[in-house]
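J.: Here the protein sequences line up with chains B and E, keeping their order. According to my numbering, the residues represented by the first sequence are 1 to 586, in order. According to my numbering, the residues represented by the second sequence are 1001 to 1586, in order.
Treat the hints loosely; a few may be bogus.
[Claimed, not checked] Distance condition first, Cα-Cα at most 25 Å in a straight line; then the derived DSS-like pairs of lysine-lysine:
id	chain 1	residue 1	chain 2	residue 2
1	E	K1182	E	K1128
2	B	K128	B	K182
3	B	K128	E	K1128
4	B	K182	E	K1306
5	E	K1128	E	K1306
6	E	K1566	E	K1543
7	B	K543	B	K566
8	B	K306	E	K1182
9	B	K306	B	K566
[Stated by the list, open to error] Which bits of chain B does chain E cover? Going by a derived footprint, with three or more residues having C-beta under 8 Å, they are:
id	region
10	126-140
11	497-503
Calculated from the structure, these hints are not laboratory results. The C-beta atom is built at its ideal place from N, Cα and C for all residues, glycine as well.
2 protein chains.
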Amino acid sequence: MSAEGGGPNPNFTFSEAMVSGLAEAGLEAVCIAPGSRSTPLALAFDAHPCIECFIHLDERCASFFALGMAQASGRPVALVCTSGTAALEFHAAVVEAMMAGVPMLVLTADRPPELRHSGANQTIDQVKMYGDHVLWAVDAALPESNAPEVALRNLRTLAARSYAAADGLRKGPVHVNFPFRKPLEPEGPYRPRFDQGQSSSIGRGVLVPTSEQVEELVALVSAHERGWIVCGPWPGRPPCRLVEAIAELGLSAGYPVFADPLSGLRFGPHTGWSPIIGSYEGFLQHGTGFHAPEVVIRFGAMPTSKYLSEYLARAERIYQVHVRSDGVWADDSHRVSCYLQVDEAELCRQVAKRCRREIGSWGVSVLAADERCRHRQDRFLRGNWFDVSAVAAAISALPDGGSLFLGNSLPVRHVDQFARPDSRRIHVYGNRGASGIDGVVSSALGVAAADPGRPMLLIVGDVSFYHDMNGLLAAHRHGLGNVTILLLNNGGGGVFRRLPVAEDTARFEALFLTPSGLDFAPAAAMYGLDYGCIHDQDRVALKEALCASFHGDRPTIIEVRTDGAKDERLRRELIHSLIEIQEDIS
Amino acid sequence: MSAEGGGPNPNFTFSEAMVSGLAEAGLEAVCIAPGSRSTPLALAFDAHPCIECFIHLDERCASFFALGMAQASGRPVALVCTSGTAALEFHAAVVEAMMAGVPMLVLTADRPPELRHSGANQTIDQVKMYGDHVLWAVDAALPESNAPEVALRNLRTLAARSYAAADGLRKGPVHVNFPFRKPLEPEGPYRPRFDQGQSSSIGRGVLVPTSEQVEELVALVSAHERGWIVCGPWPGRPPCRLVEAIAELGLSAGYPVFADPLSGLRFGPHTGWSPIIGSYEGFLQHGTGFHAPEVVIRFGAMPTSKYLSEYLARAERIYQVHVRSDGVWADDSHRVSCYLQVDEAELCRQVAKRCRREIGSWGVSVLAADERCRHRQDRFLRGNWFDVSAVAAAISALPDGGSLFLGNSLPVRHVDQFARPDSRRIHVYGNRGASGIDGVVSSALGVAAADPGRPMLLIVGDVSFYHDMNGLLAAHRHGLGNVTILLLNNGGGGVFRRLPVAEDTARFEALFLTPSGLDFAPAAAMYGLDYGCIHDQDRVALKEALCASFHGDRPTIIEVRTDGAKDERLRRELIHSLIEIQEDIS
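Using the sequences and the hints given, assemble the complete structure.
T.: Right, here's the structure in full:
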């Protein structure tokens, strides 16, 4: 099985150069789906001492698992698959990575030029196959037996550059397509040679704001007491220095900080000293009882909260500053007055130290509205049992330092509405780039794999859980013990109950709600997860099950079955009672 | 909930025009995944009296189900989904449809222009999102309240043209992306208006070969006694007139017909009078004992058989004629001497009636090699039990008129090698466009849904079955009773055992074989399928289980567990014994 022309098989020489270069750039993890054409890459990754391999059978699961790992580690994770439809199974996670800004290296094996466009088996056009949904797409050179040395240098720099591109100012997926000609196997037992070749280190500066930009923002803040800071979702885990800088700006400017659950600001010690707002979903749905802000400073992506976004879209006179170091636009109401592509933490730090304002009466009224909503919500939750009760119980039981992954569509909205800011360091994740319901189980397990010391709580609905049941295979396969899946089974796509179309009951269930009718206990049995189902609104049993799982070491599914129609009725009842308290005030 | 500007909601006016147009063009079935943005399309399809809706929760399953339906019906099936990653979940099936030539209409809902590229939730760039993997991609106009009449005419012709494009000379997927602005719901109860608008019927002629082309082929056949006809996979079910015309050409030219299991020629009454060859995998692996053909006339895609393809690739002096009405190239060894884009049946019929040659001594020696292999294989199967034994038992028990869906990678190869031609009308399907292991369960159930009167046998390996377990939901949801799934569980990707890499046992299991370790009985329980597991090489129990399922009306999984290493060892032993009989002859 020797390559044409003798000498070592060039597929391996090339793959080893790439893998070496990626390891030197900092790559530590790769998710591999089995295949034949990808043999050179799979063997090289597997043999490299500094890179951990996670094998997955379903490429869709592999890609979302990698996405979760990259979110939790904040660093690129690689994906490897064989040629053909396998590479297409990555597409949804690739787009999520692109939209959310999660670094990912997608390495696909391909056929050599003579098999492309020839009708050869398992051969599709993989060149630029993810279209505009990647930051960079490269069709690598075909490995040659007598390649000039520059060809190998090219692979080393390609490794460094693709890693740096995925991990750039704007983070996201990079696709490198690798054609391999047979033989795809090494000659005899595999003996990799990871030479310390020339390695290109790639550095990057910090987008420090100019003094004029800082001056202008200081002047704006100083001139307007009525200001908010709005923090939308941040991919993965925002760095501590950023969280603290934004919290500091809120304090110094006297601006309440509206903290999306995925912004990194909803939980943490800073909630003790910074004016963090969490119940805006409650008090922005109707008249607020206070004037609109004059200034809004936004960080991160569009907020999860529809009511917050709509409030900002309606308010014509708000001067909206949108700050993003990655240069990505996130304003679907087209209300941004000033967009600054600068380092967020640096800007906050510099502005904060120039402002010293106690929160004024207007700010106090915003905080009071938040406080009233929170109390009313808490009381309502104590007196009623619906899906939100289970969410609240799970979050309150989650130990300090735990990870929380929020499924789409209802779980993230429930947490946005009902999770009060508190000082625990809880790391919250979700797939809010494209907000699909796909790949949620795998993404959560990827987070758990990247951060194995922490208890992980996934809150997921039944449609989304069904969609990615295959992802459960990763729990045992990758030894992920401390994982708790809170499965909210309300019999279908409960989020659709919020839509006007829910009124047309005859076709609503068949076309939108689409209850799967599945009993999920067998899924837990198949994948070897512990399983418990909470019936009869049993709060004690739920709490016990949660605590046992958070402090145990076996992956566990806790299914909570609720009546989706009642869930939605109670949620509306609660909103109505929130309107009443607003009206009492105003 | 009335649209801006009053009057009926234009999203519905536009959707109804499109759906009406598609129904008039001939569309009869649509697979819909639930979502909000797609509400106008979903409601319009659901309301149309001539189109049947199949609802699926996992878009990947929906798309492969539609692919199976389109294969079995030979006509376009539509797919509908909401915006975002949902549309990406279709991509693998879209590519399979493109590569295999299966007609499909992919209708994706999208956001209006102001939400695109704005950071809006669940909004990705859907324009040309399937790249070069569709025959045609259209970004439809945004529905307007006061649209000029030509805008609605445009939708009617778009419907007719997209249907015709998917169902053209070259069949495949067409993508139409529909932007919708809120409100997405009808005003009050939905009252669709499917006006009989102007409808454009689109016809197409037949690519009749010129008399020169016929003359040349007749001269070629007349001049060469040593000729083969090689029939590769054909998408879906080839028409009877084509099967009979090819069989007739084989008979008249005295050319043995090498019939891929997916060509439509392996089974059927014509096997009684035409020289159909099915055991080429056996006698082409080593010296054949007869001279190579001088002429090969090929139909369909590249054959499934690696040995057949390699034999043709090695033989330098074969004059190879490749006939395909769709104009797609399928020759990865680049040996085609003459490519004819003409109607296959027409060419065969015209050439056949000009040739009258009894099969000669060379042809007889080919038939004899086939016969020897078949007998030896049958004897070997009687004396040994391995995965192939289960495949052979299942196919022999399948009733006349049944459908057979072959999974990748081993099932289709086993059937290619071991299923002898016979006169039953068995319709064989597989996903051999890109030959992925994804979506196989859903595709098979789609075939069953399109052709509900026939018993359906799916033969699938454990990795592929795991990959598409979600697809099982369709069995009960769509009332597919007469479905039998023969699950060959050999503990992972058995096809990899054929590769040289299987020798490096240490990493082979972890990186390539990747056994899931799953017990599949709970999957059957979860989806409400009957389940039986055949242990201990129990041929009688297998036969009984198969017959009960074929003649019953409940979807059934019959799992056959084998030792993959032993399966491969016995397969090699069999091949070795086939070499011996060849050597005896030559």
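J.: Hints the structure violates: just list their numbers, smallest first.
T.: Hint 5 contradicted; others consistent.
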